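Residue numbers (the numbering used here), protein chains in the order written: chain A, 1 to 199; chain B, 1 to 199.
By construction, these hints were calculated from the structure, which means they are not laboratory data. Given the structure is predicted, the values throughout are model-derived calculations rather than measurements. Treat the hints loosely; a few may be bogus.
Label pairs and their computed distance ranges (CB to CB) [what the hints assert, rightly or not]:
1) A:Leu126 x B:Pro5: 22 to 28 Å
2) B:His190 x A:Asp115: 47 to 53 Å
3) B:Thr98 x A:Leu176: 52 to 58 Å
4) A:Asp36 x B:Gln166: 35 to 41 Å
5) A:Val174 x B:Gly186: 42 to 48 Å
6) B:Gly21 x A:Ser70: 22 to 28 Å
7) A:Asp115 x B:Glu65: 36 to 42 Å
8) A:Pro113 x B:His172: 50 to 56 Å
9) A:Asp115 x B:Tyr182: 39 to 45 Å
10) B:Pro5 x A:Thr79: 24 to 30 Å
11) A:Ala151 x B:Pro5: 33 to 39 Å
From chain A, some residues computed to sit far from chain B (all C-beta separations above 12 Å) [stated by the list, open to error]:
12) Ala51
13) Leu126
14) Glu128
15) Ile170
16) His172
17) Glu181
18) Gly185
Just so it is clear, CB atoms sit at the ideal spot from N, CA and C, and this is done for glycine as well.
2 protein chains.
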Amino acid sequence: MSYSPMLVRLIDALTCMPGVGRKSAQRIAFQLLERDRGGAIALSAALQQAAEGIGHCCRCRMFSEHELCSICSASGRDTSLLCAVESPADVMAVEDATGYRGYYFVLMGHLSPLDGIGPEELGLNLLEDRLKDPGLVELIIATNPTVEGDATAHYLAEIAARNNIQASRIAHGVPLGGELEYVDGGTLSHAFFGRRVVD
Amino acid sequence: MSYSPMLVRLIDALTCMPGVGRKSAQRIAFQLLERDRGGAIALSAALQQAAEGIGHCCRCRMFSEHELCSICSASGRDTSLLCAVESPADVMAVEDATGYRGYYFVLMGHLSPLDGIGPEELGLNLLEDRLKDPGLVELIIATNPTVEGDATAHYLAEIAARNNIQASRIAHGVPLGGELEYVDGGTLSHAFFGRRVVD
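In isolation and in its complexed conformation, chain A is listed as follows (with noise of 0.2 Å):
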């Protein structure tokens, strides 16, 4: 005994967003069906569109539309530093939060051979073609902190060595309002031997 054949369909469709699984995809189909039948109709044209529609920046790799994501075409940033990050979420946290104003590269990810994921998936060469940009003079890694991010990141600042750009790595370490006792012991000793000289 199951459900109907569209209904069947549609909670199988559901499954394919990560951390849906069979019980939330059926929760999520007798609410839309039940109280929300044009939010499905509106999440269905916006899916289609977004899945054919939706590209890649082709200086940046960021998720976009034109040929040119709204950073890279926007005047009057900095072209003097070029910030790496693993996803484009990340280059909405950093815009967000800090008053960086240069350009972003987005990889799409971090080095992990297992999976199949080298320097060509993660775009290294259209990377390397920017760091021969005229005038550039840092490269800013912000990977995450994690095994794969800081191989990732020794990988890059190899590249810009090469290049005879500056690498940097955004600071790793007690974040604020944070307190040593609920540290983990890991970043703990980063931050301890990361210490820095008060002046």
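Using the hints provided, position chain B relative to the given structure of chain A.
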């Protein structure tokens, strides 16, 4: 600074799903665009087809794209039994776990006057018509053991009595494999006063 218009539209549309906030919507959008555009297209088609094609069974209110759902149109089921449940998922749960082969009535919710859900929204006039079916003997009430489910059960029992149909409610108590020590007080008290003679 925000994402490109199509991406913003997709993230907004994804939040129409229950349990999906902005962060989850963003993660889902990135995952679909980066790794599973085929899945996104399939989901888009399934959503549209379901939102436009799925209605309710005219006898039991189950989701169905036909006038009668597969259970109501099946032959050889027991016409003397009718089981009232709150949601389509409950129909599947009862079908899968029990040997029950009677018919169902799906309330699609429970009485909740504050939310504007009264007897009419639950299709209780349709249920009353079903209770007049020749051959029907028992209405099994399988609403959830919550305050609203209990109120709904009382209301259904009254309708059954008015139509001279025997009403029963599924048993509530300590779940199999549960330990008394960890069962909540309400359940234990219910199980205690609902004790049955061992024969």
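Hints and how they fare:
no.: 1; hint: A:Leu126 x B:Pro5: 22 to 28 Å; result: holds (24 Å)
no.: 2; hint: B:His190 x A:Asp115: 47 to 53 Å; result: holds (51 Å)
no.: 3; hint: B:Thr98 x A:Leu176: 52 to 58 Å; result: holds (56 Å)
no.: 4; hint: A:Asp36 x B:Gln166: 35 to 41 Å; result: holds (38 Å)
no.: 5; hint: A:Val174 x B:Gly186: 42 to 48 Å; result: holds (45 Å)
no.: 6; hint: B:Gly21 x A:Ser70: 22 to 28 Å; result: holds (24 Å)
no.: 7; hint: A:Asp115 x B:Glu65: 36 to 42 Å; result: holds (40 Å)
no.: 8; hint: A:Pro113 x B:His172: 50 to 56 Å; result: holds (55 Å)
no.: 9; hint: A:Asp115 x B:Tyr182: 39 to 45 Å; result: holds (41 Å)
no.: 10; hint: B:Pro5 x A:Thr79: 24 to 30 Å; result: holds (26 Å)
no.: 11; hint: A:Ala151 x B:Pro5: 33 to 39 Å; result: holds (35 Å)
no.: 12; hint: Ala51; result: violated (4 Å)
no.: 13; hint: Leu126; result: holds (16 Å)
no.: 14; hint: Glu128; result: holds (22 Å)
no.: 15; hint: Ile170; result: holds (19 Å)
no.: 16; hint: His172; result: holds (22 Å)
no.: 17; hint: Glu181; result: holds (28 Å)
no.: 18; hint: Gly185; result: holds (28 Å)
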